[in-house]
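Protein chains in written order, with this note's numbering: chain A, 1 to 103; chain B, 104 to 269; chain C, 270 to 944.
Note that these hints are calculated values from the structure, not bench results. Some hints could be false.
[What the hints assert, rightly or not] Distance condition first, Cα-Cα at most 30 Å in a straight line; then the derived BS3-like pairs of lysine-lysine: (1) K190(B) / K102(A); (2) K297(C) / K102(A); (3) K297(C) / K432(C); (4) K126(B) / K102(A).
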Amino acid sequence: MTPLSGYLIVAALLFSIGLAGALTRRNAILVLIGIELMLNAANLNLIAFWRYGPHPEALTGMMFAIFSIAVAAAEAAVGLGLVISIHRHAHTTDLDRMNRMKG
Amino acid sequence: MSIAFYLIAALTVAGGLAAVLLKNTVHCALALTVAFAGLALFFLQLDAQFAGFAQILVYIGAVAILVVFAILLTRGSETPKDGVFSKNWFVGLVIAAGVFAVLGWAVLQSGHVLPHETAVPVVTVLQIGNALMGRYVLPLEIVALLLTAAMIGAVIVALHEKESAK
Amino acid sequence: MAHILWLVPALPIVAAGVIALLKQPRRKTAAALAIGSLSLSLLLSLAAFVPVVLTWAYGRGIRSTTNFTWFQVGAAHVDLGWVLDPLSAIMLVMVSFVGLLIFIYSTGYMAGDENFTRFFCFMSLFAGAMLGVVIANSLLLLFMCWELVGLTSYLLIGFWYQKPSASAAAKKAFITTRVGDIFFLLGMVWLFSQTGTLLLYNNGTGSLEAGALAGLLAQPAALGLSAAGAIGLLIFAGAAGKSGQFPLHVWLPDAMEGPTPVSALIHAATMVAAGVYLVARVYPLMQAGALSGGTTTALTVVTWAGASTAVFAALIAVAQNDIKRILAYSTISQLGYMMAGLGMGGIAVGIFHLITHAFFKALLFLGAGSVIHGCHGEQDVRRMGGLKVDMPLTFITYSIGMLALCGFPLLFSGFWSKDGILEAARHWSIARTPFYMLLFGALLTAFYMTRQICYVFFGYWRGGKPAHESPAVMTLPLVILALFAMGLGVIGTPAWPWFQAFLDGRALVFNLHVFTRPALILLMGASTIVVFLGLGLGWRLYGGQAPRPEEPDVLERALPAPWGWLRDKLYVDELYAVTVIAFYGWWARVADWLDRRVWGGAVAVVAWAFGLWAQLNRFLDNSVVDGSFDKGCEELGVGGGLLARAQNGRVQTYLRILALGVIALVVVLIWSSRI
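Given the sequences, and given the hints that come with them, work out the whole structure.
Encoded structure:
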């Protein structure tokens, strides 16, 4: 197993854990936490490929990861703001109870 | 694979597991911080120093704090009677396991085409700055716009809530 | 002239049509139309008659025909046409003249009746139809006019249809003549099938001309007859119905229910003569195959039928008490004479008696009508009497008619015409019996006519209100007819047989020496003795008598049983009632049962089956079609509900589906790149 594979496996594991959390937890904030974990796993993938891939001097992987971090931060801010406003409206963050959009 | 790798990996994975499994939401946020820290260590080990420090600054310094704030602001409806996991949690678990299976299988299958050792890249902040202003100036501006919009949006959301709360 | 001959019947028929459209109060218009059209027909008939006489006088016989095709069916074609020859010319003149006189008489007789216009419409129609019968050259045209004559007879007999006896009499007349008409039709069809044409004369190809007759003679029919004889007998059966020969005579006495002018025109002078005329028309057919001097089976049958009818009817007339019934039976008897004359002596003999009979019988009927009118509707002779004082003109003209009918020698036309028949009977090759029968009939005729005159005009008045003479419009035709009743004999005497020569197309010789032949003298003497015997007997028995209705007749006292049979018309009607009519009633009941039970039942079953089918369809429509459709819509709703469960509004569900989709996509991508 190459070092790269090791990093990739870890990233995959983190991604799955994050996905499992997003899919199974009731609290909306914990879903966002899972999403953050998933994003971080993707970042790890990017950096690992940058490091072990051809032409690391092009800085592509690094840039991608940095931008990803920035966007993830913005998204976390907005998402959490929404969760807070929903909490103010419905006095709960239980996703099982938020089904007013059902068809 | 060095010992450091396995140790950092264990830390990160433990942090991640804790983040999704713990009952107390604040504990989850703190475990998330630990996971972030582990990832920063990974970046450093991968000779992406700037990314590692950016990770520490942004994720641990801002996002984690944000999450904790959000948790604190939405208390009152904590620990529901039916447990912290949703009704069909097993399905979600299976799906996540399926995703891990596919990804893991893809990685292991392509093990023979992946490189073993490459030269250590030397990346200076100067290079990163040049790249940002040069090649990646457009994404930079867009991300700036995005951050501005997000900030304004968050403010508006908070403001609206204040008015309707009257 | 021959080309416009069709106008003669057409004018009265058109007049009838116009009168039919008139309203009831327009009496004068109706009478004027009828009389005017018939006068025109008379003028045209005279105009046609003159050239026929002239060409005969110059030795060239005339028979001009005008034929045309009515329609064609494949190769066969049906022709109509009319003929102008001595027979039709003389009949035209007679029918239109007598008809005109009776029309004029009717304006007076029917003046009190409210259906005046309808009367003239029917009479005009009848006149037109009868004229059509006379000129027809095609058996089909003849049959059509024949039927029309029968129809108008029905309409006129039942003119006072509110009287049940009148409408019953009309039906009886129509049905009885129908029985004869069926045989006529059969004969017609047979003739058409054998000869291929219904035209009588058609330049050598007609059915009465030599070629066709030869063919018919060669064809054998049943009972030793040839086709010609058989067809002739069938046609005679039709004539027997219309002319009241025994046994189809039963309708004539009942037909007296109609108004008297009707009885005069239709049942004395013209319609009943149509049968005799028909036999004369198809005489070549009936005579076909006769060896010179001999006769055919058909003619023999005609003779016997005529002779027996003559005696039969005369016997019944003796015991009748209704003034018109006596005359009706007298008519039947005289028709028998005519038929016998045709059978034994040829066309001229029979037709001469027909012509003279038309005049004096019309005179007698019109006189009877005048009597009935004067006696305020009374018709029973036992309630009349002494009218020679109250109605002198009627008495004189009636007596002239009566003497003509009896055959009073020399002065009256009836004598000459009857003698012609008696002479033919005497020389008949088959048997002498008809001669004696006819002599006996003459005796009876004189007897019952004397009885009638004595009851009506002599003795004393036994009725209710006193009688009065009829108006001039009624007595003037009587006078004219009386003149003819006396004078017509001139054209048929043996010394100057103009009539016979005219009809037979022979040359005419005026020969007084014929009276010196002992045979003729003997014959004239015999008939004179018979007439006087009858007159004398009648006068002796009834001359001084004037019995009231309650008292029995003289003869009745003497011979009560035979009198009863004669008065009851020898039970012919009763025989029919028991046999034919009873059978018909039974048959009608069977048919009714069949119709209601069997066919009606079948229809009901079909209707029920349809109802069942309709029910089944309704059930299918409701439960199967509607039901399945409703079910389908329901299931659609259920399916939609099921599908909508995918949208449960929960974010994590959506996320899960997304993740599943990603896995699937990745798998597919890897797999496809591997393959």
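Straight-line alpha-carbon gap K297(C) to K102(A), limit 30 Å: violated (103 Å)
Pair hint outcome, K190(B) versus K102(A) [Cα-Cα no greater than 30 Å]: Given that 30 Å is the threshold and the Cα spacing comes to 17 Å, the pair holds.
Hinted pair, alpha-carbon criterion (30 Å max): K297(C), K432(C). Please report holds or violated. The given pair, whose Cα atoms are some 27 Å apart, holds under the 30 Å limit.
Given the hinted pair K126(B) and K102(A), is their Cα-Cα distance within 30 Å? The hint holds at about 28 Å.
Hint violations for this structure: number 2 only, all remaining hints satisfied.
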